[in-house]
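Student: Required output: the full structure, derived from the provided sequences and hints.
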Amino acid sequence: MRSILALVRKEFIQVFRDPVMLRLIFVSPIIQVFLLGYAVNFDVKLIPMALYDFDRSQLSRDLARSFSVGDYFVIESPRIPLQRIEDGFKQDRYRVALVIPEGFSERVRTGRPAEVGFWVDGTNANSAGIAIGYAGTIVQRFNERHLPTRIPIEMRQKILYNPEGRSVYFMVPGIVATLLTTITVMLTSMAIVREREVGTLEQIMVTPISKTALILGKTIPFAILGFLEISAALALGTAWFRIPFIGSKVLLYGLALIYLLTALGVGMLISTLCRTQQQAMFFGWFFTLFTILTSGFVTPIENMPSIVQHITLANPLRYFIKIVRGIMMKGAGVGDLYPEILAMVAFGIIIFTSASLTFSKRL
Amino acid sequence: MNRIGQIALKELRHIVRDVRSLVIAILMPVLMTFLYGYAINLDIKNIKLAVFDFDHSQASRRLVSDFYNSRYFIPADRVPSLTDPEAIFKAGRAHVILTIRPGLEAALSGRFPYELGLLVDGADANLAAAVTSYSKIILYRLLEEMKGNRLNVPRISLSQQVLYNPDLKSSHFFVLGIIAVILMLISALLTSLTIAREKESGTMEQLLTTPVKPHEIIIGKVIPYIALAALDGLLVWAFGVFHFGIPINGSLGLLSAFGVIFLVAALSIGILISTLVKTQQVAMLATFVTTMMPSVLLSGFVFEIRNMPRVLQAITYIVPARYFISIIRGIMLKGSGFDVLWHQALGLGILALVLLTIAIKKFEIRST
Amino acid sequence: MPKAVETRDLTRAFGDFIAVDHVSLEVDHGEIFGFLGPNGAGKTTMIRMLCGLLKPTSGSGMVNGFDIANQAEEIKRTIGYMSQRFSLYGDLTGEQNLKFYGTVYGLNSRQLRARIDELTDQLDLGVFIDRITGSLPVGWRQRLALAAAIIHRPAIVFLDEPTAGVDPGYRRTFWELLYRLADQGTTLFVTTHYMDEAEFCRRVCIMHQGKPIATGPPHELVDAHGEKNLEATFIKLITQGATGTG
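Chains as they are written, first to last, in the numbering used here: chain A, 1 to 363; chain B, 1 to 368; chain C, 1 to 246.
Treat the hints with care, as some may be off.
To be verified - Here are the simulated DSS-like pairs of lysine-lysine, each with C-alpha atoms no more than 30 Å apart in a straight line:
1) B:Lys-169 - B:Lys-278
2) C:Lys-55 - A:Lys-211
3) B:Lys-199 - B:Lys-213
4) A:Lys-45 - B:Lys-45
5) A:Lys-158 - A:Lys-45
6) C:Lys-211 - C:Lys-55
7) B:Lys-199 - B:Lys-361
8) C:Lys-228 - C:Lys-211
9) B:Lys-45 - A:Lys-158
10) B:Lys-278 - A:Lys-158
11) B:Lys-278 - B:Lys-10
12) B:Lys-10 - B:Lys-199
13) B:Lys-169 - B:Lys-136
14) C:Lys-211 - C:Lys-236
15) B:Lys-213 - A:Lys-45
16) A:Lys-361 - C:Lys-3
17) B:Lys-278 - B:Lys-213
18) A:Lys-45 - B:Lys-361
19) B:Lys-169 - B:Lys-48
20) B:Lys-48 - B:Lys-136
21) A:Lys-211 - A:Lys-361
22) B:Lys-213 - B:Lys-48
23) C:Lys-228 - C:Lys-55
24) C:Lys-55 - C:Lys-3
25) A:Lys-249 - B:Lys-48
26) A:Lys-361 - C:Lys-55
27) B:Lys-213 - B:Lys-361
28) B:Lys-48 - A:Lys-45
29) A:Lys-158 - A:Lys-249
30) A:Lys-158 - B:Lys-136
31) B:Lys-136 - B:Lys-10
32) B:Lys-199 - B:Lys-362
33) B:Lys-213 - B:Lys-10
34) A:Lys-361 - C:Lys-211
35) B:Lys-10 - B:Lys-361
36) A:Lys-211 - C:Lys-3
Just so you know, these hints were derived from the structure itself, not from any lab.
As the structure is a computational prediction, the values presented were derived from the model and not from experiment.
Tutor: Rendered as structure tokens:
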């Protein structure tokens, strides 16, 4: 027990002695929360739209105006002729163009179907798709309003948990989960490998310290650092971005502890595989990148091809992200999350045990 | 020149001897391309929809099948009827719950007001917004069709034309962005690490006591990593073109020229970091914070710069990847030439020059 | 009473390469035992096996009556180890290093305080104990490393090239410290390739390509081979070994 404490204390002295390291450990969650909080924004709105109205009628102006209602499109009268609209796309001045042909209102008035042109820069497939969706809805509603009879069927919609639709509510819980992964996997593996590189690990191995004490002593400091980091991220998220924290904090930290078994275990496994810090860093990077991208952190797992979806079942972060989001945003409890909790416990036990077994006190 | 060659050769030996790192350096871009090309798809579909149909009419069945037949919604996991909706959301069994109260069929005659209930799990704001717009489209289409059949009224339709990426494949968008991220990662990270490693092990001191000039050390050390980064970039590019079918609409010569300028900027950042830190661990973290995160988040790689707060938008101007990503997308997808890209080129050029100058200055101060 | 160190046909192979090849030797309690040989003779591998860091490929060995194959942890309680590399934490102070190792060896804080004071005195650590060890001159680092290795009063201390890279004047001081330790009854197992140092040992074993080629008190070896000093004897033995006539 005392040797565990000695190791933990030593590790902390080393971290706190290095001012750059210290700053990075604590500044990086803050930067991540700020960056992701502000930069991550899937809202596609205020799409710059070039308007070519060749009809110049009341109806065409009405149609154009309906595009600018609701912050979806920003209409600009282009200074370039339609033949050279591509230049506007290339320079990224417009993302879409609406072309209302001559005789448009005449056709509508005389009861013939009329067509308007909608040009889209497809480079960003996501926002292009959404822009097309918006345009379709706008035109249908426009039709709806100009149709002779109305059917009074409306959609009453209620959005739970995040009614204003702020991406940051969704991202910060994800950051909490990914931060814990990155910090613990990277720091644990690199700390062990560094001691091996320098030769101090050999010195510790000849002491009578038990294997358990050595493992705990090398992992606890990073578990603590991980907890400090997620606390910083949570504090910033709730204080600055005013993200609601509906569920139980105790439950969140408790489950984070279970998750740490996996993350620390992976860090240890990497350290037994690698000889140099650079290798450890690469492996750690590889692992975190893969788990983060397939965890549902940025994009829903349901959107992935089915083979990738199956792979994600073996991704411990997937469960933890769901748990953190469930607890923070929906106030989910153990009863709601038990399949994820069971999966995480299983992962934790398997990975930490196999890491402990492969971790040897011999060279 | 010979001395630079010797240093480069030594560095190359380090790289080749460290098989594990080399494998990762080659595998990482392939994996990233694969993940972003396939797994990362911002297009929202497969939304889990649970339906409580209390109307049991032909109209309600038609509405439900319209929802499921659109490519957006899929049936939710088994949901016991009359469960508390919040419990369904908390367990993640469904994203949306559609409640059809009795009276839909009758309402279609147009005499009674009627409301459909749509309950959305708003945790993922993006998904919630998509649900709103998709479900409205489905409902309006159905209504329009039913009315249209009865009234046969003219309607305005939209003829859309998608330029550059008609199939709206997000892989085109992402894979090209990855090239920038990979170039940045490999060159900045490996450069800062290799210099930090020599400092840590004391061999840098050894080198500096020889007649080799500081800039020769730097150039020599950096050359192999330029090669490695270029190789990685080329790998992703080839993967994108041959596997994902990304078109080549512009000049590859122009693209390579910009690639070189971008690499200079990336390497300068790497060198700069290495002059400021003492250990590899810190070099890694610092590179991560100063290059990787901005290149992914503040470059327009995934998230639109246009949508960011002004302060962040201003910061993006010092992120080299911002320029390179617009350049590579412009050249490859839109066939843009220098005439439209010149201001991106100017920005990137100035940035690279400034970074390089600072890096060299800093390095010479530290080493004398 | 068992010997301090006792091995029988101890062998360790790394793939095809046999680093230690059927070594049998005995070391008495309180003895300074020199383990000599050119670089690559298998000295470090031998020490690592005796400390329980490496498992032997074949053969057996006992340290303080414990089997090195399956009682490594018991051995570790009774030995100290000073490796070839400087293996204290360069970013901690001397005292922080000593406290760390002392605690790992199970000393409580009162014992630790007393022991650090004692060692400071005995090894003349003085003002350097509060400095970051990474910035100390090599000689002082070696002293601190020795202090860390003996903080728990081990019965045997294994020293792997303890004086490599240290200037001759200082090497003499360091050996005086070792003599003092031996006087107190500690067994010292020292590898070195400095022959002048080897003359300080009570007995030496000369290794060549993983095999022991001569064992005995230094002066006896010198006399037996009719050479003027250990250095010359060593060179003679090694060249014979290399040409295969020894």
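Student: All the hints need checking, so say for each whether the structure fits it.
Tutor: Going through the hints against the structure:
no.	hint	verdict
1	B:Lys-169 - B:Lys-278	violated, 44 Å
2	C:Lys-55 - A:Lys-211	holds, 16 Å
3	B:Lys-199 - B:Lys-213	holds, 16 Å
4	A:Lys-45 - B:Lys-45	holds, 19 Å
5	A:Lys-158 - A:Lys-45	holds, 21 Å
6	C:Lys-211 - C:Lys-55	holds, 18 Å
7	B:Lys-199 - B:Lys-361	holds, 18 Å
8	C:Lys-228 - C:Lys-211	holds, 24 Å
9	B:Lys-45 - A:Lys-158	holds, 20 Å
10	B:Lys-278 - A:Lys-158	violated, 55 Å
11	B:Lys-278 - B:Lys-10	holds, 21 Å
12	B:Lys-10 - B:Lys-199	holds, 16 Å
13	B:Lys-169 - B:Lys-136	holds, 24 Å
14	C:Lys-211 - C:Lys-236	holds, 16 Å
15	B:Lys-213 - A:Lys-45	violated, 54 Å
16	A:Lys-361 - C:Lys-3	holds, 25 Å
17	B:Lys-278 - B:Lys-213	holds, 20 Å
18	A:Lys-45 - B:Lys-361	violated, 44 Å
19	B:Lys-169 - B:Lys-48	holds, 23 Å
20	B:Lys-48 - B:Lys-136	holds, 16 Å
21	A:Lys-211 - A:Lys-361	holds, 7 Å
22	B:Lys-213 - B:Lys-48	violated, 64 Å
23	C:Lys-228 - C:Lys-55	violated, 39 Å
24	C:Lys-55 - C:Lys-3	holds, 20 Å
25	A:Lys-249 - B:Lys-48	holds, 28 Å
26	A:Lys-361 - C:Lys-55	holds, 11 Å
27	B:Lys-213 - B:Lys-361	holds, 13 Å
28	B:Lys-48 - A:Lys-45	holds, 25 Å
29	A:Lys-158 - A:Lys-249	holds, 27 Å
30	A:Lys-158 - B:Lys-136	holds, 13 Å
31	B:Lys-136 - B:Lys-10	violated, 64 Å
32	B:Lys-199 - B:Lys-362	holds, 15 Å
33	B:Lys-213 - B:Lys-10	holds, 16 Å
34	A:Lys-361 - C:Lys-211	holds, 27 Å
35	B:Lys-10 - B:Lys-361	holds, 25 Å
36	A:Lys-211 - C:Lys-3	holds, 28 Å
In this structure, the earlier hints numbered 1, 10, 15, 18, 22, 23 and 31 are contradicted, and the remaining ones agree with it.
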